[in-house]
Structure formats: structure tokens, C-alpha cells
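**Q** By the working numbering, the letter at position 55 of the sequence shown is numbered 55, and the numbering carries on one by one without gaps.
Since the hints were made in silico from the structure, they are not lab data. From the three backbone atoms N, C-alpha and C, an ideal C-beta is built for every residue, glycine too. Fair warning: there could be bad hints in the mix.
Computed spacing ranges between beta-carbons, pair by pair [said to hold, decoys possible]: (1) P314 to P181: 55 to 65 Å; (2) D97 to R230: 25 to 35 Å; (3) K84 to G281: 41 to 51 Å; (4) N255 to L93: 51 to 61 Å; (5) K143 to R180: 37 to 47 Å; (6) D97 to D220: 41 to 51 Å; (7) P40 to C144: 17 to 27 Å.
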Amino acid sequence: MCCQPPLISATVSARMTTPVMNNTAMPAGADAPSILEPAPAEVERVLHLFGNVRLCPEARLLAATRSRPIQRFIAAAAWWPMGKAALFQIACLPGVDRTTVAGLLIERLGECARLARLETLQYAHLLPDGHEWFGILRKHLFKCLRSERSFEVAYQDAWARIMQLHQKHGDRIPASWQARPIRDLPPETALEVIGSHRLLAPAEVRAFWRKNAPGGFTLDLSCVLFDGDRPFGAFLARRMGDVYYVDVQVVQEKNPILRSLGDLFMMYRMLILHSAAQRAGADVPIRWLRFRSGEIEHRQTANLALRMGGRELPPCHVMAKSL
1 MCCQPPLISA TVSARMTTPV MNNTAMPAGA DAPSILEPAP AEVERVLHLF
51 GNVRLCPEAR LLAATRSRPI QRFIAAAAWW PMGKAALFQI ACLPGVDRTT
101 VAGLLIERLG ECARLARLET LQYAHLLPDG HEWFGILRKH LFKCLRSERS
151 FEVAYQDAWA RIMQLHQKHG DRIPASWQAR PIRDLPPETA LEVIGSHRLL
201 APAEVRAFWR KNAPGGFTLD LSCVLFDGDR PFGAFLARRM GDVYYVDVQV
251 VQEKNPILRS LGDLFMMYRM LILHSAAQRA GADVPIRWLR FRSGEIEHRQ
301 TANLALRMGG RELPPCHVMA KSL
């Protein structure tokens with residue numbers, strides 16, 4: 001299972017498009033898969049291969065088909081541009097030779113990406129070492145672009161620890177500090193604060209920031225921390241099922257005590273707002289908090305998760321291939 005949901009997510013929709021390329025059959029054996037662009041009437045059948053996976057609404061589709069004994073879709077790729085990269089994911093029917101069909105889809109994805117003047121193919125999921133797709137992508141010359149650590153904390157453990165810390169240190173939080181929900185702010189406010197600490201590219205931050213973007217940041221629980229008019233902290237997170245994914249938790253302060261107080265302030269705010277929404281029937285329970293961290297950076301985030309009783313999960317990797 002992936003350590004993280006797709007980097008861009010949105011509800012499966014028939015509004016998805018297909019690449020502007022001519023369909024061609026693959027010149028191989030008698031029933032070798034053919035790679036084609038599904039016709040509008042076929043889009044829903046292709047999307048069915050992805051099950052409940054959420055996809056970018058701007059995603060373009062490629063499908064692998066077999067014609068015997070009847071024509072059927074056996075695999076598909078969804079891809080979309082993100083900066084200079086083409087992000088993609090692949091879905092296959094059970095029993096399909098995934099290594100072979102992935103090679104065919106990746107070859108066509110490369111053609112599509114080059115036509116779009118993109119420079120890299122990048123798998124949209126973070127993958128742990130033992131994941132099947134990690135091995136398949138390596139066989140097709142994908143390399144690890146970067147690795148990430150992640151930490152998981154039971155929600156109730158986080159609640160107990162943060163309430164305890166706030167009771168003990170809450171009166172030390174400067175009165176000039178305020179946390180403003182990102183709903184009221186442009187994404188550039190957070191990008192300015194995140195700086196070199198970001199694990200998300202600016203284009204991804206802007207995409208997650210959009211109002212009503214499925215799989216995007218929670219616009220009221222996510223916030224930017226201000227001291228007067230100066231932004232100096234950010235808490236950006238997404239809700240996926242019963243897991244709350246904290247993509248960014250950063251406080252830009254040299255003083256370690258102030259950094260810790262900033263973390264406490266933003267976490268306390270999130271927990272209190274979620275609790276109030278849950279009591280009002282406007283939200284459902286969160287069971288887990290999951291924090292992202294770089295290989296060596298983001299120690300602040302890692303330490304916070306561990307102090308709340310969390311555990312480190314196996315590292316995950318971003319797999320990419322230059323075109």
C-alpha cells in the first residue's frame with residue numbers, strides 16, 4: 001500500500017480528457033495489448049479500472065486493450081502535467097502481466113509528455129521499497145527522485161498530548177500571534193513561509209489550495225501563522241478518509257522555544273476546530289494523523305510526531321524518469 005494518497009486527487013469524473021495522439025496498435029504477437037485513447041463513450045469503462053482511486057480532473061487517459069476473446073480494457077494510465085513533469089498512475093485488471101503492459105503504457109506516456117514539452121515522467125504515488133510498482137518502475141529505468149519519511153500518530157494520542165502541552169505552555173504563546181485559515185489567503189502567503197522546506201512543488205500547493213478541490217487542503221483547519229502582519233508559520237493538511245495528512249508543518253523562527261510554541265499553537269487550533277465541527281455534525285472522526293518529512297530536513301515535523309507518541313513508517317520514494 002502506498003504511504004501517501006495521489007499527489008493530486010479529485011473525484012473520478014467523465015469530464016476526463018484523452019491525449020491528442022492517434023491510436024495505434026502495438027506490432028507484437030497475436031493478442032498483444034494495443035494502446036489507445038478511449039472514445040468519450042468508453043471513458044467510464046476505463047475509469048472503472050481505477051476503482052475508488054481519486055484522479056486529477058484534468059487527467060488524460062490511455063488504455064491497453066485486448067481483442068480476444070472479446071475486446072476489453074485490461075489496463076489504463078491517467079496522466080496530467082505538473083510543472084515540467086507528467087504525473088501518472090496505472091491501473092490493471094487482476095492477472096494482467098503488469099511489467100509488460102506498464103512498459104507499453106510508459107512508452108506512450110513518454111510520447112505524450114514530449115509532445116506537451118514536458119521533461120520528466122513521474123509516478124504520482126509515493127512508493128515504499130517493497131511495493132510491486134516500485135520494482136516495476138525500476139525495471140523500466142525509473143529512478144528515485146527523492147525519498148520521504150512519514151510518521152503516524154493515533155488521533156486520540158495526539159489529542160491527549162497536545163491538550164496536556166497547551167495546558168502547561170499555552171499562556172506562553174505571544175498575544176500578537178494569530179492563525180488565519182487559508183480560505184482567506186492566497187497560496188503565495190504560504191509559499192513565502194515554506195521556502196526551502198517544502199515537499200510540495202508550488203504548482204501542487206496552488207492546486208490543493210483551490211476551493212472545492214477534492215483531495216485538497218482543508219481550507220479552515222489549514223492555516224498560516226502570523227505575528228502581527230508577518231507570516232512565519234504554516235500548517236497545510238488534507239483529509240483522506242479517516243486519515244489527516246499533514247503535508248506542511250513549519251515555523252520559521254530561530255528561537256527553538258518559539259518554534260515549539262508555534263507548532264503547539266497550530267496543532268491545538270486544528271484539534272479544537274475539528275472537535276467542534278464533529279460535535280456539530282459537520283465532520284466525521286479522524287483516526288490517524290500522518291506527517292510528511294524529508295530524508296534529513298523537516299526534523300521539526302518528525303520530532304513533533306514522535307513527541308505525540310507517533311511511529312515512523314517505512315520510507316517512501318518519488319519515482320521519475322527523464323525524457
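**Q** Would you mind marking each hint as holding or not holding in the structure?
**A** Status of the hints after comparison with the structure:
A hinted range of 55 to 65 Å for the beta carbons of P314 and P181 is inconsistent with their spacing of about 33 Å. Evaluation of the 25 to 35 Å hint for D97 and R230 yields a failure: the beta carbon distance comes to about 57 Å. For K84 and G281, the hinted distance range of 41 to 51 Å is satisfied, since their beta carbons lie about 44 Å from each other. Between N255 and L93 the beta carbon distance is about 56 Å. The supplied range of 51 to 61 Å therefore holds.
About 40 Å separates the C-beta atoms of K143 and R180, a value consistent with the hinted range of 37 to 47 Å. Against the hinted window of 41 to 51 Å, the Cβ-Cβ separation of D97 and D220 comes to about 46 Å, which satisfies the hint. A hinted range of 17 to 27 Å is violated for the C-beta pair P40 and C144, which are about 37 Å apart.
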